[in-house]
Amino acid sequence: MTTGSAHAPVNTRTTAEPGTRPAGNRRTGGQPKRKGGKDNLAGYLFLTPWLIGLFALTLGPMLFSLYLAFTDYNLFTAPKWTGLGNFERMAGDTVFWGSVQITLIYVLVGTPIKLAAALGVAMLLNFKSKGTGFFRSAFYAPSLIGASVSIAIVWRAMFSTNGPIDNGLNLFGINLGGWVGVPALVMPMMILLAVWQFGAPMVIFLAGLKQIPGELYEAASVDGAKAWRKFLSVTLPMLSPVIFFNLLLEMINAFQIFASAYIIGSGSGGPAGATNFYTVYLYTRAFTNNQMGYAAAMAWVLLIAVGILAFILFRTSKSWVHYGGDTK
Amino acid sequence: MFNKFSRRAGSGVAVTVAAALMLTACGGNGGGEAGGTPDPNEEVTLNFTWWGNEDRAERYNEAIALFEEENPNIDVNGTFMDFPAYWEKRQTEAAGGGLPDVMQFDYSYLRQYGQNGLLLDLNDYVGNGLTTDTIDDTLLATGKLEDQTLGVPTGYNAWSLFENPALIEQAGVEGYEGGTSWEEYEEYMASVSDASDEVFGGTDYTGRIQNFELQLRQEGRELFTEDGQLNFTQEELAEFWSSTADLRENETVIPARTLEELLPKSGFGSNLTASEMTWSNFMGGYLGDTGAEDLNIVAPPTNDPSVKDLYQKPSMLHAVSAGTEHPEAAVAFVEFLINSPEVGKIFGASLGVPASETALEGAALEGPELEVKEYLDSVADRIGEPPAAPVVGYGALENTFLTLGTSIGLGSISPEDAAQQFFDEAAVTLAG
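Order-wise, the sequence lines are chains A and B. Okay, so the first sequence: first residue is 1 according to this note's numbering, each after it adds one. Okay, so the second sequence: first residue is 1001 according to this note's numbering, each after it adds one.
Check before you lean on any hint, since a few could be wrong.
Which stretches of chain B does chain A cover? Using the computed rule of at least three CB atoms under 8 Å from a CB of chain A, they are [claimed, not checked]:
| id | stretch |
| --- | --- |
| 1 | 1259-1272 |
| 2 | 1409-1422 |
Short, incomplete list of chain A residues facing chain B, as computed with Cβ under 10 Å [what the hints assert, rightly or not]:
| id | residue |
| --- | --- |
| 3 | Lys130 |
| 4 | Phe159 |
| 5 | Thr161 |
| 6 | Gly178 |
| 7 | Ser266 |
Which bits of chain B does chain A cover? Going by a derived footprint, with three or more residues having C-beta under 8 Å, they are [unchecked claim]:
| id | stretch |
| --- | --- |
| 8 | 1178-1186 |
| 9 | 1393-1400 |
Just so you know, the hints here were simulated from the structure itself, not pulled from any lab data. A virtual CB, placed ideally from N, CA and C, is assigned to each residue, including glycine.
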């Protein structure tokens, strides 16, 4: 029996066990009857603050930025309609493509490493031993402070010439000097900063691990499976909805990297464009160059690109994400 | 249809910067009566803003307190930020119609704001609330745009070459005397770099558009044509960037990689280079950064000392918003900031060598500040007409120039490709 869509919440696994009433029945049968307009009105009234926020602060500006994407707008004079001009310019803008390239590298390399680190630590913390509570908090801490300006500044200092990283590597005879001024080393540095903030996905992984029934591992042991085999055949499939959720969330987050890149690159995308991530470049276009139209166009391209990637992820998820109750 | 649509979207609430400004920008007040002094009985609050550090804030607060004492009915509300954030904020305010009454202003933004009618024309107040005959005419002209007086310069500076005597002594070489050929300057840089393991002779000067401008002016040309287009070719720019390739290769100049790590300080400010070319008002900042007791300031290199290649740049200006409700009070405050000897005393040369004679007298410069003044006097023969007020988007181009120069230094782009990129960028920026 298959219940729900491919992206139903994780906990349907426990509620939709075979033998319970079919989902369809439950839905129609369990719903209270409508009581008329009064309750609805009250409901909408309670919603108003949120609705005002949605329309005035989110939807309005978004639509306006969509309009701006097709104009030349320098903040000083009224927007000039240019049709697809901004998008054509984007296609020929080498700096734009450079920023797309490094952003993609950052997302495609950084996200899997971060998730692997999060899963690894989550599995270590899943063992019952003294002090796990402390370690869980300790490992979670970096993601609480990670987005802050101060951490980016500390990171910059750590990777400078004669900083802790440089000196540490010198001990092993690796003499890279400072990383901050070398375009090729800035990307690893940025990815390390992202990986270090694995706390949020780790907590979600931990919750997912706790839900895997112990019987499955026992059964696997009886069949003679070793630790690695258990990981591949029990942990990963059982955890796949959580992995999917984390992957989606972290990927979208990674695309939005800004604060740390802005600070490490001194706001200019330096050295030599190595921190000129998509959002940094967008910001430069908007607020340094006063090209609001171009920046708005960039923002929409990013939105659409991330939307497409998310769509692809959802599509592929059918073949690798297993929800409880699936017959496979 | 789109226009209508944008208006509807904008009328929501405060929404984005972008939306709000469109609607209100046209609002402004329609230009006022001509000149005058503020009514002493009217209670007035002026908003005043500047960019700068704590030190400058203390000085401004002192000046504001003094002004409020003299004008008990005027309350000045001062705020400050660092330079990039300052202009981001002003731009959104300009769009939204909420510029502060009085602003510390930068030369490179004058045209952008002036052309769009955002600054009050002070002509009506000259001689009637505002005294400008205390200021040198060429310098005063830098605050003008098409016969309108949009800003009054606080002080002036000129392009210059700083040297760190302690580092030169440490290297055991002769300092650069200033004002001689570019080759001699390069030889000097090499002598320092060769003599010392840690200290370099200077910074690759091709990273800054001002040095390119200097070389162009030495040939009797300007960066921009009269109608605001680039006044040099792509090949010339590539050649300029290539001209110091040897210096970069031999590490005669400090490697770009090291400079990246030092940001926001410069190599000179970090005591790693013995010389650097920059604006003369950096004296105070560099003394602070280096912790040195003394720095020398000399003339930049030139192959022909008779050419008037340097110019007086207003270090900053004071401008009044066109939308101010209290133009008389605002002008009175500007008058006070520019001409008052007390303000001159409070600021010394930290806003540039005071432009106004009366403020200069009050400043009674001494020590390093006096050295800057003496430097400016000493290059009087090389100081010519200033270029026209920077084109709209000059700030962005200057930034692009710097970024590309750094990329060349890091070896990640060739001078030819960089010149191509600069021209592509300029085509877009200057088209608007």
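Verification of the hints:
1. 1259-1272: Result for this restraint: holds, n = 5.
2. 1409-1422: As far as the stretch 1409-1422 of chain B goes, the hint holds, because 4 residues have Cβ atoms under 8 Å from chain A.
3. Lys130: violated (43 Å)
4. Phe159: Status holds, d = 9 Å.
5. Thr161: holds (6 Å)
6. Gly178: Interface hint status for Gly178(A): holds (5 Å vs cutoff 10 Å).
7. Ser266: holds (5 Å)
8. 1178-1186: Per the Cβ count (0), the hint is violated.
9. 1393-1400: This one holds; 4 residues, not fewer than the three required, reach chain A with a Cβ under 8 Å.
Of the numbered hints listed earlier, those contradicted by the structure are 3 and 8.
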